[in-house]
Amino acid sequence: MKTEMQTVTAGSWLDPLVHAGRRAFSFLERTGRAGLFLLRVLQSIPSVLLRPGLIMQQLFSVGVLTIVIVLVAGAFVGLVLGLQGYNVLVRFNAEASLGTFVGLTLVRELGPVVTALLFAGRAGSALTAELGLMKATEQFSGLEMMAVDPYKRVLAPRMLAGFISMPLLAGIFSAVGVLGGYFIGVGLLGVDAGAYWAQMQNSVDFYEDLMTGFWKSLAFGFAATWVALFEGYDAEPTAEGVGRATTRSVVSASLLVLGLNFVLTALLLETNP
Amino acid sequence: MSASPASDILIRVRGLTFRRGERVIFENIDLDFRRGRITAIMGPSGTGKTTLLKLISAQLIPEAGTIEVDGQNIHTLSQTDLFELRKRMGMLFQSGALLTDLTVFENVAYPLREHTQLSERMIRYLVLAKLQAVGLRGAAQLLPAELSGGMARRVALARAIALDPMMIMYDEPFSGQDPISMGVLIKLIHAMNDNLGLTSIIVSHDVKETSSIADHIYVISDGRIMDQGSPAELDRTASEWAQQFLKGLPDGPVRFHYPARDYAEDLFEN
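The listed protein sequences correspond, in order, to chains Y and F. Under the numbering used here, the first residue of the first sequence is numbered 13, with each subsequent residue one higher. Under the numbering used here, the first residue of the second sequence is numbered 12, with each subsequent residue one higher.
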């Protein structure tokens, strides 16, 4: 393939086309590799279930260490929703519906999406950097030479931890956001506390709303962790390579999450209008 | 091409060819590594010495040729069989390849915990014995980041012998070492080989240090074996290229200047 491309002489008017073709091929090749990588990681997951200690360790570094930024971000988003929601609703004398507005916005959209973006930034980048560094310092080769499969011992526990933590983190984000909205709406702007909770309880449905958010957060956790692990494992084993991989990991995971959110929203609205 | 029974050759490489893209790394080379001996592979940087170790340990697959380790063609083994064989093959990486989040003790204990059902007491006993052998029992609780390069290699050596392998491959064990830790490593490699009855393969471009302990040396460049023999034989070699490499002469068959067009022409262009 390479030699065929080289037959087109430099400076030819075909250059942009050749360049685009080369980029497209390399993109497809990488996507294929990422797919095979995911397959091997998933195949290795059953063997990890026998080693809960490995998963607990990763749940700590992927999940627990992300809680603080999720709490802070959730609180701020809740506060802003309280302010903006009240401001709009009060024009229609509907400020009592603030609970509905805050609850639905968080549970269906902002909870999973913003948490996934924070997750990609905090946990995803850390995973990519860690794996990239392990590769640069030959730790994966070292494990293989000790007859230890890095997919089973290193990658699968991290994948599982990302998959488990994301929905929990999104839940925490939404809960804190609801409290933030309460603080602004009820505490500062005088919305009735009973109305805030009752409206929320009436309008937020378990299956239609909570589960929508849950499925989304599960999918985002899966996607963001996959990207982070692949970028780290595939990183060029140099300091610059690891830096580049980390940046790419956050950018690709964030875009993937946003794109996936659109697709999932469309699908879930179709099944649960 | 099976190994003869009770062969004293542990690793038999035949017709090995390996390329990276267009670049030929090895072209149809044959190598033999005898049991209980220290065999060195020497050559300039970038000749694929590390690649050879990766081929022998089946981390890479050759384009053509076979590599038999203890009578088994390593590239046709299933993953389970390969991992079984690798438990008997130690490798010392240039960087040490220690797991950075584990202490020295846990690093050495790692293969034991992964592959044996030994009690905690037995593991402690074995780990301390291996660390004592490399002189780092006192450093058991340190993290890899707290070790010097030479110490990290010694810990990696302790880890490589944790499962009592039949052989060890050393990837550039002497590069970037101060004279003291160089001396320590030379002594250790020699002692490991003799006391534990190991077969050792050293990949290096440090001629003096490697020659001082090797039984047999292959000099490799441009994908071919340029010369081979015991250190004494190589000292008297007729090959100009090998002479230049072994004596570190700045000019010879390997030119001092990178290929370029005529100097004057280059200077007075236009």
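Keep in mind the hints are simulated off the structure, nothing from the lab. Heads up, some of the hints might be wrong.
Okay, the calculated beta carbon distance ranges per label pair [what the hints assert, rightly or not]:
| # | chain 1 | residue 1 | chain 2 | residue 2 | range |
| --- | --- | --- | --- | --- | --- |
| 1 | F | L154 | Y | D204 | 15 to 25 Å |
| 2 | Y | S59 | F | G57 | 45 to 55 Å |
| 3 | F | G146 | Y | T43 | 18 to 28 Å |
| 4 | F | P55 | Y | V275 | 52 to 62 Å |
| 5 | Y | S38 | F | G57 | 44 to 54 Å |
| 6 | Y | G271 | F | L154 | 35 to 45 Å |
| 7 | Y | N214 | F | E131 | 35 to 45 Å |
| 8 | Y | A32 | F | D226 | 30 to 40 Å |
Each residue gets a CB set at the ideal place from its N, CA and C atoms; glycine is no exception.
Worksheet item: Range hint 35 to 45 Å: satisfied by the CB atoms of N214/Y and E131/F?
Response: violated (58 Å)
Worksheet item: Do the beta carbons of G271/Y and L154/F sit within 35 to 45 Å of each other?
Response: holds (41 Å)
Fill in: Range hint compliance [Cβ, A32/Y to D226/F, 30 to 40 Å]
With a Cβ separation near 57 Å, A32/Y and D226/F fall outside 30 to 40 Å, so the hint is violated.
Item to complete: Given the range 44 to 54 Å, decide if the beta-carbon distance of S38/Y to G57/F lies inside it.
Response: violated (25 Å)
Fill in: Assessment of proposed distance window 45 to 55 Å (beta carbons of S59/Y, G57/F)
violated (38 Å)
Worksheet entry | T43/Y and G146/F - C-beta distance against the hinted 18 to 28 Å | Violated - the Cβ-Cβ distance for G146/F and T43/Y, about 50 Å, lies outside 18 to 28 Å.
Item to complete: Take the C-beta atom of P55/F and the C-beta atom of V275/Y, compute their distance, and say whether it sits inside 52 to 62 Å.
Response: Cβ of P55/F to Cβ of V275/Y: about 54 Å, so the range 52 to 62 Å holds.
Worksheet item: So the hint says 15 to 25 Å: do the beta-carbon atoms of L154/F and D204/Y match that?
Response: violated (57 Å)
This entry does not satisfy hints 1, 2, 3, 5, 7, 8, going by the numbered hints stated previously.
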